[in-house]
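Novice: Got chain A sorted already, so can you dock chain B onto it with the hints?
2 protein chains.
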Amino acid sequence: MNLNATNIAIIKRLLGGRNSRSLKAILLKIEAADLSKLFSLLNDREIRLFVDALMAVDKASDALKELPPPNLIEIFKKIDTQKLVTLLTYSPEDDSSYFLSLLDEEEAIQILNLIEPTLRKRLNQLLSYPEDSAGRDMSTQVFTLSSSLRAQDAIEEVRNRTQEESVYYIYCTDESGRLVGVISLRALVTAPAETPLSEIMKKEVVTVKPTTNSQKVAELVSHYDFVAIPVVSETSELLGIITVDDVLDIIQEQATADIYATAGLQEDDRVYTKPKHSIKNRLPWMLLNLMLAILVSGVVALFEETMSQLIILATLNNIVAGIGGNTAIQTLTVVTRGLATGDFNFISYYKAIFKEVRVGLTLGIATGTCAGILVYLWKGSAVVGAVICVSMILNSLVASSMGAIIPILLKRFNRDPAAGSGVLVTTLTDSFGFFSFLGIATLALKYFT
Amino acid sequence: MNLNATNIAIIKRLLGGRNSRSLKAILLKIEAADLSKLFSLLNDREIRLFVDALMAVDKASDALKELPPPNLIEIFKKIDTQKLVTLLTYSPEDDSSYFLSLLDEEEAIQILNLIEPTLRKRLNQLLSYPEDSAGRDMSTQVFTLSSSLRAQDAIEEVRNRTQEESVYYIYCTDESGRLVGVISLRALVTAPAETPLSEIMKKEVVTVKPTTNSQKVAELVSHYDFVAIPVVSETSELLGIITVDDVLDIIQEQATADIYATAGLQEDDRVYTKPKHSIKNRLPWMLLNLMLAILVSGVVALFEETMSQLIILATLNNIVAGIGGNTAIQTLTVVTRGLATGDFNFISYYKAIFKEVRVGLTLGIATGTCAGILVYLWKGSAVVGAVICVSMILNSLVASSMGAIIPILLKRFNRDPAAGSGVLVTTLTDSFGFFSFLGIATLALKYFT
Numbered sequence: 000m001n002l003n004a005t006n007i008a009i010i011k012r013l014l015g016g017r018n019s020r021s022l023k024a025i026l027l028k029i030e031a032a033d034l035s036k037l038f039s040l041l042n043d044r045e046i047r048l049f050v051d052a053l054m055a056v057d058k059a060s061d062a063l064k065e066l067p068p069p070n071l072i073e074i075f076k077k078i079d080t081q082k083l084v085t086l087l088t089y090s091p092e093d094d095s096s097y098f099l100s101l102l103d104e105e106e107a108i109q110i111l112n113l114i115e116p117t118l119r120k121r122l123n124q125l126l127s128y129p130e131d132s133a134g135r136d137m138s139t140q141v142f143t144l145s146s147s148l149r150a151q152d153a154i155e156e157v158r159n160r161t162q163e164e165s166v167y168y169i170y171c172t173d174e175s176g177r178l179v180g181v182i183s184l185r186a187l188v189t190a191p192a193e194t195p196l197s198e199i200m201k202k203e204v205v206t207v208k209p210t211t212n213s214q215k216v217a218e219l220v221s222h223y224d225f226v227a228i229p230v231v232s233e234t235s236e237l238l239g240i241i242t243v244d245d246v247l248d249i250i251q252e253q254a255t256a257d258i259y260a261t262a263g264l265q266e267d268d269r270v271y272t273k274p275k276h277s278i279k280n281r282l283p284w285m286l287l288n289l290m291l292a293i294l295v296s297g298v299v300a301l302f303e304e305t306m307s308q309l310i311i312l313a314t315l316n317n318i319v320a321g322i323g324g325n326t327a328i329q330t331l332t333v334v335t336r337g338l339a340t341g342d343f344n345f346i347s348y349y350k351a352i353f354k355e356v357r358v359g360l361t362l363g364i365a366t367g368t369c370a371g372i373l374v375y376l377w378k379g380s381a382v383v384g385a386v387i388c389v390s391m392i393l394n395s396l397v398a399s400s401m402g403a404i405i406p407i408l409l410k411r412f413n414r415d416p417a418a419g420s421g422v423l424v425t426t427l428t429d430s431f432g433f434f435s436f437l438g439i440a441t442l443a444l445k446y447f448t
Numbered sequence: 000m001n002l003n004a005t006n007i008a009i010i011k012r013l014l015g016g017r018n019s020r021s022l023k024a025i026l027l028k029i030e031a032a033d034l035s036k037l038f039s040l041l042n043d044r045e046i047r048l049f050v051d052a053l054m055a056v057d058k059a060s061d062a063l064k065e066l067p068p069p070n071l072i073e074i075f076k077k078i079d080t081q082k083l084v085t086l087l088t089y090s091p092e093d094d095s096s097y098f099l100s101l102l103d104e105e106e107a108i109q110i111l112n113l114i115e116p117t118l119r120k121r122l123n124q125l126l127s128y129p130e131d132s133a134g135r136d137m138s139t140q141v142f143t144l145s146s147s148l149r150a151q152d153a154i155e156e157v158r159n160r161t162q163e164e165s166v167y168y169i170y171c172t173d174e175s176g177r178l179v180g181v182i183s184l185r186a187l188v189t190a191p192a193e194t195p196l197s198e199i200m201k202k203e204v205v206t207v208k209p210t211t212n213s214q215k216v217a218e219l220v221s222h223y224d225f226v227a228i229p230v231v232s233e234t235s236e237l238l239g240i241i242t243v244d245d246v247l248d249i250i251q252e253q254a255t256a257d258i259y260a261t262a263g264l265q266e267d268d269r270v271y272t273k274p275k276h277s278i279k280n281r282l283p284w285m286l287l288n289l290m291l292a293i294l295v296s297g298v299v300a301l302f303e304e305t306m307s308q309l310i311i312l313a314t315l316n317n318i319v320a321g322i323g324g325n326t327a328i329q330t331l332t333v334v335t336r337g338l339a340t341g342d343f344n345f346i347s348y349y350k351a352i353f354k355e356v357r358v359g360l361t362l363g364i365a366t367g368t369c370a371g372i373l374v375y376l377w378k379g380s381a382v383v384g385a386v387i388c389v390s391m392i393l394n395s396l397v398a399s400s401m402g403a404i405i406p407i408l409l410k411r412f413n414r415d416p417a418a419g420s421g422v423l424v425t426t427l428t429d430s431f432g433f434f435s436f437l438g439i440a441t442l443a444l445k446y447f448t
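From first to last, the protein sequence lines stand for chains A and B. For what it's worth, numbering that gives the first Met the number 0 labels the leading residue of the first sequence as 0, then goes sequentially. For what it's worth, numbering that gives the first Met the number 0 labels the leading residue of the second sequence as 0, then goes sequentially.
Just chain A, same shape as in the assembly (with noise of 0.2 Å):
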């Protein structure tokens, strides 16, 4: 059942009311996700009532988890506390353990004395990897069986043990808990009955550390076109599953972190966050900004006296940045896209660099050309217009060398390179631009005119 006006109506009036039958039916019809829209319409009790119901129909976690993390903060303030730690007691392990990451250190502290000993141990325990690690990203619940059960056992085990749909792969261990092999339910359920799963099962399994970096997770699950892959410990200890629909979150977060780091964002910058939050966020680099813009202008005034001898130089010289700051650009977005997904298993380094700033150039003779034309035609002068061409062709092959160059640099020196390269390379190219235009300009005066 989708969520629509009329069953959003429905809740909201049941919520108030005492039929929580009629409730937890409506309830159980809607999937989880779609659940998590209703709470930004309802109003502080409401939110209270409504979790009550969610935790009745056990889709407390998967519903609150599908929220952006300010709103979901403010709905766990709104909980009280003895809630809070019953939600986070039957909640799956590791979406207990997200919430608590959520909470300020006292809050979660305070929280987690509250809760029974085993699982608190559990939760700290998840809560020591580091972010963005499988460990934070892997769900717990697996479902293993000993390598020595009889296959026809063994459904017998998938029978009576899991609610869970999504069972794909079974994982099979020894005596001592130690990942030994995988087996997917179609090969369970087809091999002869009494066939010891250590004979079926596949013993070459690709698993990750729970220290693994998410984003290698994401690789390894999209190379190889897995469902899920095992989290495993150094002495080969099954911790957790990361299954395909987290990783699709991952390359979300990713591709949000990749577009906003050229533009010099935090990724928890979103449209719903707080004012105060993005100023903060953003201050520092709209002040690094600042500096290099100045500096640049510290190229430009090198060259006031010669923008006052000809002052169209000075309406002219943003052109000849503003071109090459594109052509930077676009091969900073070539080769920085191409650094993420992979597309360097295909090209050497050293043929792409070469390939850019053939481009590069060739682009910049073309707009050089055209640009030199059509100063003539406005302003009517040759020299100027012959200064222009010149730059602009000489600033493309700096800026796609910069572009191309720049952010494999930063790769290899395992820096990020779609957070460093842009600022760096806009302001290399607009320095150069501003000193190659002004500067050919300035001899061009001594001698032509």
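Don't read these hints as lab results, they were simulated from the structure. Quantities reported herein were computed from a predicted structural model and do not represent experimental measurements. There's no promise every hint is true.
[Said to hold, decoys possible] Taking lysine to aspartate or glutamate and the EDC-like style, the derived pairs with C-alpha atoms no more than 20 Å apart in a straight line are:
(1) B:K215 <-> A:D33
(2) A:K120 <-> A:E155
(3) A:K64 <-> A:D103
(4) A:K215 <-> A:D248
(5) A:K208 <-> A:E198
(6) B:K36 <-> A:D33
(7) B:K36 <-> B:E130
(8) B:K201 <-> A:D248
(9) A:K36 <-> A:D94
(10) B:K275 <-> B:E303
(11) B:K208 <-> B:E193
(12) B:K36 <-> A:E218
(13) A:K201 <-> B:E30
(14) A:K215 <-> B:D33
(15) A:K58 <-> A:D33
(16) B:K215 <-> B:D173
(17) B:K58 <-> A:E30
(18) A:K378 <-> B:E303
(19) B:K64 <-> A:D224
(20) B:K208 <-> B:E233
(21) A:K410 <-> A:E218
(22) B:K77 <-> B:D43
(23) A:K275 <-> B:D342
(24) B:K215 <-> A:E198
(25) A:K76 <-> A:E105
(26) B:K64 <-> A:E218
(27) A:K64 <-> B:E218
(28) A:K58 <-> B:D224
(29) B:K28 <-> B:D43
(30) A:K64 <-> B:D224
(31) B:K28 <-> A:E73
(32) A:K215 <-> B:E30
(33) A:K208 <-> A:E236
(34) A:K208 <-> A:D224
(35) B:K350 <-> A:D342
(36) B:K64 <-> B:D43
Specialist: Coordinates of chain B only, in the frame set by chain A:
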């Protein structure tokens, strides 16, 4: 087994020799996705032999489809027509239609004519779906069973009919081939032997049409955490399924398209693209930018007289435009990404615009004040310092409003906000930046000096 220097050397040696059994044995052990990386290390003769060997172990289409399109086209040129026909005949239909879509039209028709009529008709059908539609992405090998079968017979069918490890859902059809339900392998395994599928299947199935946009399919699958989604005709006939690994590819491509759009790049312009193709792709964008830069210069030209009187204005004007541009791009990026990832499910357009303008204005006041003070210290002119401060504040107001409003408007009118916004917003901000700075300076010169 992973691909490494040792087994690359072994494969290359075996390709030259006659021992096809050892070659097959080694190829069977390596994942198709890894085998595809080998192509770039082989010469023409080896490539032909390698394709033969891959076909012999039934891995040709899986390995080939991992290659970047231009590389794949090159390889197809090296294979003789009859071999290509064989490859297309024995590959999964969706892979074959993808391969055909890469060939130029004449060649595709020639090859289609050599393919046996039933398959040809089906391939033509697949090729008739629009690009970036579910019909192009779907796999046509779907495991279907009649809904009247009993659970135990269904398991028998799974055993007999499929070698695929990746059967997660079984689609149930009625006598006329219409999709009537879906059942997970787990539910099938755990159902009592005599139950007909129609009693255990889930009857409410989320489906898409073959013409549904790929982006929409990706949203559905990732929103609901599906492993696969069925594609049905207008009459509910089951045409194929799209699996989550296809969705991973769609999301990667979409991220690339979004990142590329703001830089005016086409999606097929990659590090390995031929220079000629990249130049043709990028030239229109560069020329558009040249025209816009000249337009912006037209604004600056209005103030040549003012600049002649006070040449430091020419030095400083790019600071105002630069900082405005950064404000615009940050706002634009946050809003565009919000539109792409569904963040607007949790905030209204109106509130988001208001927030961005508040943020932009605050940043403008901060950077404007800094710039004013620095310019006063650098150039010793309080008037110029005040002018730069005021114009930067005004410009950030304009930049953040434009950056927030334009992508939302484009989305409203069903245009791609990522593609159109950047250049529009930057041009407006640059023009306004120069206009306000030089305009206010002109007024200031008139009254304060």
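Novice: With reference to the structure, classify each hint as holding or not holding.
Specialist: Going through the hints against the structure:
{"no.": "1", "hint": "B:K215 <-> A:D33", "in the structure": "holds (16 Å)"}
{"no.": "2", "hint": "A:K120 <-> A:E155", "in the structure": "violated (32 Å)"}
{"no.": "3", "hint": "A:K64 <-> A:D103", "in the structure": "holds (17 Å)"}
{"no.": "4", "hint": "A:K215 <-> A:D248", "in the structure": "holds (14 Å)"}
{"no.": "5", "hint": "A:K208 <-> A:E198", "in the structure": "violated (26 Å)"}
{"no.": "6", "hint": "B:K36 <-> A:D33", "in the structure": "violated (41 Å)"}
{"no.": "7", "hint": "B:K36 <-> B:E130", "in the structure": "violated (26 Å)"}
{"no.": "8", "hint": "B:K201 <-> A:D248", "in the structure": "violated (26 Å)"}
{"no.": "9", "hint": "A:K36 <-> A:D94", "in the structure": "holds (18 Å)"}
{"no.": "10", "hint": "B:K275 <-> B:E303", "in the structure": "violated (40 Å)"}
{"no.": "11", "hint": "B:K208 <-> B:E193", "in the structure": "violated (34 Å)"}
{"no.": "12", "hint": "B:K36 <-> A:E218", "in the structure": "holds (15 Å)"}
{"no.": "13", "hint": "A:K201 <-> B:E30", "in the structure": "holds (14 Å)"}
{"no.": "14", "hint": "A:K215 <-> B:D33", "in the structure": "holds (16 Å)"}
{"no.": "15", "hint": "A:K58 <-> A:D33", "in the structure": "holds (11 Å)"}
{"no.": "16", "hint": "B:K215 <-> B:D173", "in the structure": "violated (27 Å)"}
{"no.": "17", "hint": "B:K58 <-> A:E30", "in the structure": "violated (38 Å)"}
{"no.": "18", "hint": "A:K378 <-> B:E303", "in the structure": "holds (13 Å)"}
{"no.": "19", "hint": "B:K64 <-> A:D224", "in the structure": "holds (13 Å)"}
{"no.": "20", "hint": "B:K208 <-> B:E233", "in the structure": "holds (7 Å)"}
{"no.": "21", "hint": "A:K410 <-> A:E218", "in the structure": "holds (17 Å)"}
{"no.": "22", "hint": "B:K77 <-> B:D43", "in the structure": "holds (7 Å)"}
{"no.": "23", "hint": "A:K275 <-> B:D342", "in the structure": "holds (19 Å)"}
{"no.": "24", "hint": "B:K215 <-> A:E198", "in the structure": "violated (42 Å)"}
{"no.": "25", "hint": "A:K76 <-> A:E105", "in the structure": "holds (14 Å)"}
{"no.": "26", "hint": "B:K64 <-> A:E218", "in the structure": "holds (17 Å)"}
{"no.": "27", "hint": "A:K64 <-> B:E218", "in the structure": "holds (17 Å)"}
{"no.": "28", "hint": "A:K58 <-> B:D224", "in the structure": "holds (15 Å)"}
{"no.": "29", "hint": "B:K28 <-> B:D43", "in the structure": "violated (24 Å)"}
{"no.": "30", "hint": "A:K64 <-> B:D224", "in the structure": "holds (13 Å)"}
{"no.": "31", "hint": "B:K28 <-> A:E73", "in the structure": "violated (52 Å)"}
{"no.": "32", "hint": "A:K215 <-> B:E30", "in the structure": "holds (18 Å)"}
{"no.": "33", "hint": "A:K208 <-> A:E236", "in the structure": "holds (10 Å)"}
{"no.": "34", "hint": "A:K208 <-> A:D224", "in the structure": "holds (19 Å)"}
{"no.": "35", "hint": "B:K350 <-> A:D342", "in the structure": "violated (40 Å)"}
{"no.": "36", "hint": "B:K64 <-> B:D43", "in the structure": "holds (19 Å)"}
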